[in-house]
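**Student:** What follows is the residue order along each chain.
Number of protein chains: 2
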Amino acid sequence: MKNLVGAAMFAQSGGPTSVINASAAGVFIEALKQDKITAVYGAAHGIKGVLEEDFYDISKEDEKELLLLKNTPSSALGSVRYKLKDAKKDDTDYKRIVEVFKKYNIRYFFYNGGNDSMDTCNKISKYIKKSGWDCNVIGVPKTIDNDLFGTDHCPGFASAAKYIATTVMEVCLDAKVYDTPMICVIEAMGRNAGWLTASSVLAGYKGLGPDLVYLPEVAFDINKFVADVKGVLAKNNNKCIVVVSEGIKDKDGKLVCETVGAVARDSFGHAQLGGVAATLANILKEETGYKTRAVELSLMQRCAAHLASKTDVEETFRAGREAVKAAVRGTTDKMVVYKRVEDKNGNYKCKYSLVNLKLAANTEKTVPLEWITNDGTYISDEFVTYALPLIQGEAKAPVEDGLPRFARLKKVQAGKK
Amino acid sequence: MKNLVGAAMFAQSGGPTSVINASAAGVFIEALKQDKITAVYGAAHGIKGVLEEDFYDISKEDEKELLLLKNTPSSALGSVRYKLKDAKKDDTDYKRIVEVFKKYNIRYFFYNGGNDSMDTCNKISKYIKKSGWDCNVIGVPKTIDNDLFGTDHCPGFASAAKYIATTVMEVCLDAKVYDTPMICVIEAMGRNAGWLTASSVLAGYKGLGPDLVYLPEVAFDINKFVADVKGVLAKNNNKCIVVVSEGIKDKDGKLVCETVGAVARDSFGHAQLGGVAATLANILKEETGYKTRAVELSLMQRCAAHLASKTDVEETFRAGREAVKAAVRGTTDKMVVYKRVEDKNGNYKCKYSLVNLKLAANTEKTVPLEWITNDGTYISDEFVTYALPLIQGEAKAPVEDGLPRFARLKKVQAGKK
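Protein chains in written order, with my numbering: chain A, 1 to 417; chain B, 1 to 417.
A few of these clues could be false.
No more than 25 Å apart at the CA atoms, straight line, and that leaves these computed lysine to any residue pairs for SDA-like [claimed, not checked]:
id : chain 1 : residue 1 : chain 2 : residue 2
1  : A       : 254       : B       : 282
2  : A       : 83        : A       : 67
3  : A       : 235       : B       : 412
4  : A       : 410       : B       : 209
5  : B       : 417       : A       : 233
6  : B       : 411       : A       : 52
7  : A       : 349       : B       : 399
8  : A       : 251       : A       : 349
9  : B       : 176       : A       : 52
10 : A       : 239       : B       : 412
11 : A       : 310       : B       : 179
12 : B       : 176       : A       : 370
13 : A       : 254       : A       : 219
14 : B       : 417       : B       : 133
15 : A       : 235       : B       : 48
16 : B       : 85        : A       : 181
17 : A       : 130       : A       : 253
18 : A       : 416       : B       : 85
19 : B       : 285       : A       : 233
20 : A       : 417       : B       : 85
21 : A       : 176       : B       : 235
22 : A       : 249       : A       : 356
23 : B       : 206       : A       : 67
24 : A       : 235       : B       : 52
Hint data in this document are derived by calculation from the structure and do not stem from the laboratory.
Quick caveat: nothing in here was measured; it's all calculated off a predicted structure.
This is chain A alone, in the form it adopts within the complex (with noise of 0.2 Å):
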């Protein structure tokens, strides 16, 4: 428990959500505050801002625009899919990262993302300690998957969720206007954790969710989508509304939706996902004769802030918050986490902790297996006392002439770029 004086370096990574800026607000607005802490930088695309000494001052910022930086979607300093080599087999990037570090006196380090991040992280932590350079590292949760370990829900999770169930809500009364026999088929995000997809079964619970869900936690056979497809057209006047998980595999654990072409591959060697509902929607058309509609929920699942969850928005900015003022007492080597507590009158309440990054980054948080019902086909109601007081309250950014007045940040660059 080093008790450090020094500059506070903050990066973004991975895949941007609604509120990940919030985080950065948080990390920001405390960072200042704190007298420990000299300088406050902005990394410019997550840890490949800080090899190559890109990064801004924050102090240059006026505290109006960091305090937007709430309200407004996608990393505001530039995101980076940049996976650190093995530190025995080449330890090239961590040696840069230490005498960039050293050279701005950095003694704060907040690295901010999910799963490959906290990865990142943990990396950086474990090989800073070893250098004898004194940092405290703190990873700060991210990502709309809602699959990190150790807490209880992921900050951006719960405004993806909103954005889900509202627009499912929608597209359901959409999709029924017509007397005509109709199917639609709906995709959410979700390459191994099926929370987004089982977050539509909250438009259920308001009476306007969808007839089947299909999430990754469950092996897809496609004889068996086709048959459950008819079944709810058979009994429900020829509609059917589908929600399937981007990241649906058959039970070899091959993706469905590489079944079918190519799909491109990122630096951590994720394919690509996407493209799946199209693919069941040519299928079930084929099948049934029907109208049938495909719905990529697409980007807008995790940049639509007009949708956040106020809930969501005010813990990501709390949880930035949090990993500063841990920082600060001495605290490394660690994520913020949340937990799920209960106030005086039995409502839902949030609480901060901190769990190793080791554990962070290597464990996959899927959805319960029992909370998945009706033959792998819908979310039992579980999942909505779960995710229902995440979605509460209502948050967006200040309207201007009708439209979202984001973040403007000067970016005024701090390092040798």
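Chain A is fixed; fit chain B onto it per the hints.
**Tutor:** Quick look at chain B alone, frame taken from chain A:
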């Protein structure tokens, strides 16, 4: 100009909008107040509900729920795409309509829809007049496409425009977070009129808009398109955001989305469009080797009531009321239209007027060619001046459990179905 006493029938037709039920609310609430109107009916699924005597007694609904219709997307009574035959060739349906109108003493008929629906409304109006049955017929305009003749703008357009502009702003932020090359092709609706696609430049007005915009009003050339995109990439750090209309056509008038495969057609013979963004994104990927993404705004652009324009909602509600008032005054064979005027401070104000149904039925209003700039790749500020007043104000359904509380109608059957 007949002064009639009897029942009123209202029906919804064609593709829904976010605010379509605001017209229904306007018609219902105004009609229930009028002494000359002895009963208020809402037809299920447009003209089919009339033909099949399938309609509801609106006096049985709670006023609170009728008011909630203002913020409930997608034809609450159900819609239809049913093309009436030419009465000279086959007047079976028309005879049946007159028969039903006589049976229920329908003296006021309000038909809510776009071009095709106004064609239906016009045909019914003319036939009824010839039949000798006294009934005032008024068209209530509706279309996100904004292509109805004789009106400054159409109910539903502004909310779709607000959704598109907001979403493009958010997607622009999201698509640019990485420091790697990125092409994003966003697809908006609009068969022959590019008003919705043009709306994306409102995002540009706020500094977060597309680089290139392609409307169906201008012949689309794939080679020029690829060159346009490469030009933007070269000067723009290898990033390019494009918005295209689903209805873009080549110089021979052939739909770009049709040149790559079979397309389904609806009962009006219109192609069921979509998928052009995915096609163009694939071509750009092959041409550049860069990561490309296709985003289809799909049904969301016409049903995202959570992001509706308050100006649009209130005008649409008023249009419904004006339709009833005009009919009760003795007007028939007209459609309600908007006239743009200035208030005493020079600010935007909407006035309500009427045009002949025949004109509204068969004339499509497209984006003025002189507003299309940069060799067919952008839209002038005249469009911003035109559209900006229309998207002002926030309107959304009350929130319950963090999700919209849409209207729940009892739908008490009043026909003999």
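**Student:** For each hint, tell me whether it holds in the structure or not.
**Tutor:** Right, here's what the structure says about each hint:
1. Using a Cα cut-off of 25 Å, the hinted pair residue 254 of chain A and residue 282 of chain B holds, with the two alpha carbons roughly 23 Å apart.
2. Proposed proximity of residue 83 of chain A and residue 67 of chain A is contradicted: the alpha carbons are some 31 Å apart, above 25 Å.
3. At most 25 Å may separate the alpha-carbon atoms for a hinted pair to count; residue 235 of chain A and residue 412 of chain B meet this at roughly 23 Å.
4. Of the pairs offered as hints, the one joining residue 410 of chain A and residue 209 of chain B holds, with about 19 Å between alpha carbons and a cut-off of 25 Å not exceeded.
5. Between residue 417 of chain B and residue 233 of chain A, the direct Cα distance comes to roughly 23 Å. Compliance with the 25 Å bound is thereby established for this hinted pair.
6. Note on residue 411 of chain B and residue 52 of chain A: the hinted pairing is violated, with a Cα-Cα distance of about 65 Å set against a maximum of 25 Å.
7. Straight-line distance between C-alpha atoms of residue 349 of chain A and residue 399 of chain B comes to about 21 Å, which keeps the hinted pair within the 25 Å bound.
8. As the CA atoms of residue 251 of chain A and residue 349 of chain A are separated by approximately 39 Å, the hinted pair breaks the 25 Å bound.
9. For the proposed pair residue 176 of chain B and residue 52 of chain A, the alpha carbon gap of about 19 Å is at most 25 Å, so the pair holds.
10. Distance check on the hinted pair: residue 239 of chain A and residue 412 of chain B sit about 22 Å apart at the alpha-carbon level, within 25 Å; holds.
11. Our distance criterion of 25 Å between C-alpha atoms is broken by residue 310 of chain A and residue 179 of chain B, whose separation comes to about 30 Å.
12. Distance restraint check for residue 176 of chain B and residue 370 of chain A: the Cα-Cα separation of roughly 39 Å exceeds the 25 Å cut-off, and the hinted pair is therefore not satisfied.
13. With a C-alpha separation of about 9 Å, the suggested pair residue 254 of chain A and residue 219 of chain A falls inside the 25 Å cut-off, and the hint holds.
14. For a cut-off of 25 Å, the pair hint linking residue 417 of chain B to residue 133 of chain B stands: about 23 Å separates their Cα positions.
15. Annotation: proposed proximity of residue 235 of chain A to residue 48 of chain B holds, straight-line Cα distance about 23 Å (limit 25 Å).
16. A C-alpha spacing of about 23 Å is found between residue 85 of chain B and residue 181 of chain A, which places the hinted pair at or below 25 Å, so the restraint holds.
17. For the given pair, residue 130 of chain A sits about 39 Å from residue 253 of chain A by alpha-carbon distance, which is inconsistent with the 25 Å threshold.
18. Between residue 416 of chain A and residue 85 of chain B the CA atoms are separated by roughly 74 Å; this puts the pair beyond 25 Å, and the hint is violated.
19. For the hint pairing residue 285 of chain B with residue 233 of chain A, the CA-to-CA distance comes to about 38 Å; that exceeds 25 Å, so the pair is violated.
20. A threshold of 25 Å between alpha carbons decides the hint, and for residue 417 of chain A with residue 85 of chain B the separation of about 71 Å lies outside it, so the pair is violated.
21. Using a Cα cut-off of 25 Å, the hinted pair residue 176 of chain A and residue 235 of chain B is violated, with the two alpha carbons roughly 45 Å apart.
22. Only pairs whose Cα atoms come within 25 Å are accepted, and residue 249 of chain A paired with residue 356 of chain A is rejected, the gap being roughly 31 Å.
23. At most 25 Å may separate the alpha-carbon atoms for a hinted pair to count; residue 206 of chain B and residue 67 of chain A meet this at roughly 19 Å.
24. For the proposed pair residue 235 of chain A and residue 52 of chain B, the alpha carbon gap of about 23 Å is at most 25 Å, so the pair holds.
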